[in-house]
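Assemble chain P onto chain G, guided by the hints.
Line by line, the protein sequences are chains G and P.
Under my numbering, think of the first position of the first sequence as 1, with each following residue one higher.
Under my numbering, think of the first position of the second sequence as 1, with each following residue one higher.
Note that these hints are calculated values from the structure, not bench results.
For lysine-lysine, the following DSBU-like pairs were computed, each having C-alpha atoms within a straight-line distance of at most 35 Å:
1. G:Lys-320 x P:Lys-118
2. P:Lys-76 x G:Lys-320
3. G:Lys-247 x G:Lys-134
4. P:Lys-72 x G:Lys-320
5. P:Lys-96 x G:Lys-320
6. P:Lys-118 x P:Lys-166
7. G:Lys-320 x P:Lys-119
8. G:Lys-320 x P:Lys-116
9. P:Lys-166 x G:Lys-320
10. G:Lys-221 x G:Lys-134
11. P:Lys-119 x P:Lys-72
Now the in silico label distances, taken between C-beta atoms and shown as ranges:
12. G:Ser-274 x P:Lys-119: 41 to 51 Å
13. G:Ser-406 x P:Gly-149: 18 to 28 Å
14. P:His-28 x G:Arg-16: 46 to 56 Å
15. G:Val-293 x P:Ser-20: 33 to 43 Å
As the structure is a prediction and not an experimental result, all values here were calculated from the model.
Heads up, the beta-carbon is just placed ideally off N, CA and C, and yes, glycines get one too.
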Amino acid sequence: MINGDIFFNLAVRSVRLNFLRSMLAAIGIVIGVVAISSMGMLGTNMQLEVKEQLSATANTIVISSDTVRMGPPGFTPSSSSSSGISKTELTKITSAVGSNGTVIPLYSTNGEFTINSVAGRGEIYGIDPGDIGKFLTINQTYGNGTTEIGTGEVLVGSTLAEEFNLKVGTRIRIGSFSSSSRPELRIAGVLNPRGTVADGVSTDNAVVVNSNWYTNQYGGKDEWTQVNVIVKDVDNISDIESTIDEKVNTNAKTPSVRITDASSQLATETSTLSTVTTFIMAIGGISLLVAAVSIFNVMMMSVSERIQEIGILLSIGTEKGEVRRMFLYESFILGLLGAGIGGASSLIIGYSVVDAMLGTTEYFFLPASIMYVPAAMLVGVMVCVVSGMYPAWRASNMDPIDALRSE
Amino acid sequence: MTDTPVIQLVDVTKTYHLESGDFTALNHVSLDILENDFVAIMGPSGSGKSTMMNQLGILDVPTSGNLYIGGKDVAKMTPLERTHMRRDTIGYIFQKFYLIPLLSAYENVEYPLILKYKKRDTSGRATAFLEAVGIDREMSAHRPTQLSGGQQQRVAIARALVNDPKILLCDEPTGNLDSKTGYQIMDILCGLHREGKTVIIVTHDPGIAEYAKRTIRLVDGRIAES
Chain G
1 MINGDIFFNL
11 AVRSVRLNFL
21 RSMLAAIGIV
31 IGVVAISSMG
41 MLGTNMQLEV
51 KEQLSATANT
61 IVISSDTVRM
71 GPPGFTPSSS
81 SSSGISKTEL
91 TKITSAVGSN
101 GTVIPLYSTN
111 GEFTINSVAG
121 RGEIYGIDPG
131 DIGKFLTINQ
141 TYGNGTTEIG
151 TGEVLVGSTL
161 AEEFNLKVGT
171 RIRIGSFSSS
181 SRPELRIAGV
191 LNPRGTVADG
201 VSTDNAVVVN
211 SNWYTNQYGG
221 KDEWTQVNVI
231 VKDVDNISDI
241 ESTIDEKVNT
251 NAKTPSVRIT
261 DASSQLATET
271 STLSTVTTFI
281 MAIGGISLLV
291 AAVSIFNVMM
301 MSVSERIQEI
311 GILLSIGTEK
321 GEVRRMFLYE
331 SFILGLLGAG
341 IGGASSLIIG
351 YSVVDAMLGT
361 TEYFFLPASI
371 MYVPAAMLVG
381 VMVCVVSGMY
391 PAWRASNMDP
401 IDALRSE
Chain P
1 MTDTPVIQLV
11 DVTKTYHLES
21 GDFTALNHVS
31 LDILENDFVA
41 IMGPSGSGKS
51 TMMNQLGILD
61 VPTSGNLYIG
71 GKDVAKMTPL
81 ERTHMRRDTI
91 GYIFQKFYLI
101 PLLSAYENVE
111 YPLILKYKKR
121 DTSGRATAFL
131 EAVGIDREMS
141 AHRPTQLSGG
151 QQQRVAIARA
161 LVNDPKILLC
171 DEPTGNLDSK
181 TGYQIMDILC
191 GLHREGKTVI
201 IVTHDPGIAE
211 YAKRTIRLVD
221 GRIAES
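With the rest of the complex left out, here is chain G (with noise of 0.2 Å):
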């Protein structure tokens, strides 16, 4: 129908005739086009991994003691419970356990450690040894590991493994650089990678040591930073919950824990990777606006170049909306020119981008990902036809006379 309208077949003679001009204004709307969509896709594929990441954990409650609660000005958060979980609170959390679920405290700081005369700075889990293995399991790749360390034992996450080529045997340094004690732990096993996890033990860049050697070195003993419970049947986490709490937080005002899952931790990360796609998304946006002016700069070229044409139009009897649709025309299949073409190069720049920054491209073709492309797309053609719709006014408004005397 579009491609049988005389205007249309004008428009595109238009285009054809000023073609290095058109693909010149139409290479702005590629990379807007292609700006939008590869960062929309980057960021809906972090945050379909994190999804993935945290639903492994989705069976674990996390029972902290750092407690900030909002509340109006003036108000004190309370204090009561920043020494850590107490062992009478860990008593009433595995007593509302009973047998649903293993209930798993463990100490953390952040701390420095010193590896091959390299210092480092990383979380420091004390965990009991017999529980590391109920949720923390060993690369065997890195030397014949176990999770059962001793108190002169460490086990290290997988990517300072990797970075500092660590193996089962090797001796790292716990401690500040400056301090004169830096006790020297034996290597026992190096964890497999975790990745963003809900149960708030992300081994990955951190350390491992037994409980007991925790406690001596930090002190703090029996007074756990969290407590995690992984529940048997995942339905019944919220009953779970429901029980600790009451157990526990017997001031409704001033609870003495936080009680988290999965499900908070994902609807949180979610919504920050959310907001940070949509702020990048945003920055991609600019390169459309430029190409906007672009394009509104070569339609009204393309309207002063056409005046006596205008004119002749005008004088036999066209339309005023028929001019207009003529120039509309010309903006759209820019547009089209644009998002075409910039919507082929986000498929393959986006893949490699998701595929640089995440290491997968398994999501890249999933719905939620994929259609950042057509979208973006749409954006670059309505951002064309919006930047004509002046340029085709004025050419519709020309006094027919005047235009037909321009040379």
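Here is chain P on its own, set in the frame of chain G:
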């Protein structure tokens, strides 16, 4: 020729407001042009010929007075009605041909049909009119820039005629042509007049004006002789 005025100017004045002051291009002009008339409008430069043509072609409206075309007061018509009248009632032939450069000769002639019927011409009307003015099928595929001046003017005549207008407005139609081609074009216009068209021609050339049945001389925006 009937006694019905197809065009009627009643005390028409056209004033342009310029920075240097007001300029009256047409000054209280009254004129009747009857159906199937053949009128030549002559006059020196600045006498108001082009302004008169713009009024007759309803590209412009009078500052005062009334202009009736086909009995309708142009000033009372909406812009869209005027556009449709230009498309359906008036055929334009310009000195510089003014063909649409992006379209072929055939498409230039087909264009007014598309404007009127909102679809491509399948009746062969455009081809028939091109052949009537001596443009064959091969030539009609060419763009205007690939045609000679005489050929372009023939295409322009075919374009002006294709919607079967009552009035043909010709602004120096032979001005850009050699004399031989110019007379061929005039022969075509005379033939159209014989077929019943009302032909109005603006010219400097007294030889061209001799083809007309009636000559109007304009001087300083007034009719000096009719």
